[in-house]
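Chains S and W are the protein sequences, given in the same order. Here the first sequence is numbered in this note's numbering, starting from 30 and rising by one per residue. Here the second sequence is numbered in this note's numbering, starting from 36 and rising by one per residue.
Everything labelled a hint here was simulated from the structure, so no lab data went into it. Careful, some of the hints might be misleading.
[Said to hold, decoys possible] Here are the simulated lysine-lysine pairs, DSS-like style, with alpha carbons at most 30 Å apart:
no., chain 1, residue 1, chain 2, residue 2
1, W, K135, S, K106
2, S, K131, W, K49
3, S, K85, W, K76
4, W, K101, S, K78
5, S, K85, W, K101
6, S, K106, W, K76
[To be verified] Okay, the calculated bits of chain W under chain S, using three or more residues with CB under 8 Å as the criterion:
no., stretch
7, 90 to 99
8, 133 to 140
Think of the CB as a built atom: it goes at the ideal place given N, C-alpha and C, for glycine as much as any other residue.
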Amino acid sequence: GDSVTQMEGPVTLSEEAFLTINCTYTATGYPSLFWYVQYPGEGLQLLLKATKADDKGSNKGFEATYRKETTSFHLEKGSVQVSDSAVYFCALSFLNYGGYNKLIFGAGTRLAVHP
Amino acid sequence: GAVVSQHPSRVICKSGTSVKIECRSLDFQATTMFWYRQFPKQSLMLMATSNEGSKATYEQGVEKDKFLINHASLTLSTLTVTSAHPEDSSFYICSATRPKETQYFGPGTRLLVL
């Protein structure tokens, strides 16, 4: 079945370090890919998305490129801040009959950034 | 982006009572709403998909008589945890969407059953 695999956390970095969180997927067909972020005690916020191969999603300094050949959607940021500390979820979705997207989430990766 | 609210944000109840959680799309009409459950330090587990005006579709292993979902309007869905027990304690998150659009998530409701 369709699934998403993320690198295990926690990831601990110093401020201004480079961030990579790996995400790979298994899917029949061509899904859309997403990164969501969850701050402590809150719901999920969409961080970025890509809907087709070679698309690059970007937001708030974060980037991820949809790589069909490696079935990957790794999240990167050149210089992290303490405020980036959160849990990051990679997800995929397909359009169903009703036109809505059923999301399949990875396990989540906790990021802790220290001053 | 679109705004989705949940109420209450936290609720504590006694074992055996029922708890209702509301999910509202504040600035758009949501034809579909989803209900998720999240255990501490774990990912989100989809419980059910709710389309306005029709019965919810539950995921395998989710008791539909335990978790009652009503989607009576295009801006409101409710999840009622009936006869709650301590093992129902969790973080419940809803999301709302329209066809071919991204899901927009609510801030979550933390339920503690004593």
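Hints and how they fare:
1. W:K135 <-> S:K106: holds (28 Å)
2. S:K131 <-> W:K49: Status violated; Cα separation ~33 Å.
3. S:K85 <-> W:K76: Since the Cα atoms of K85 (chain S) and K76 (chain W) sit roughly 28 Å apart, the hinted pair holds (cutoff 30 Å).
4. W:K101 <-> S:K78: Violated, at roughly 34 Å.
5. S:K85 <-> W:K101: Since the Cα atoms of K85 (chain S) and K101 (chain W) sit roughly 42 Å apart, the hinted pair is violated (cutoff 30 Å).
6. S:K106 <-> W:K76: Holds. K106 (chain S) to K76 (chain W) sits at ~23 Å (cutoff 30 Å).
7. 90 to 99: violated (count 0)
8. 133 to 140: The restraint on the stretch 133 to 140 of chain W holds, since 8 of its residues have a Cβ under 8 Å from chain S and three suffice.
Checked against the numbered hints above, the structure violates hints 2, 4, 5 and 7; every other hint is satisfied.
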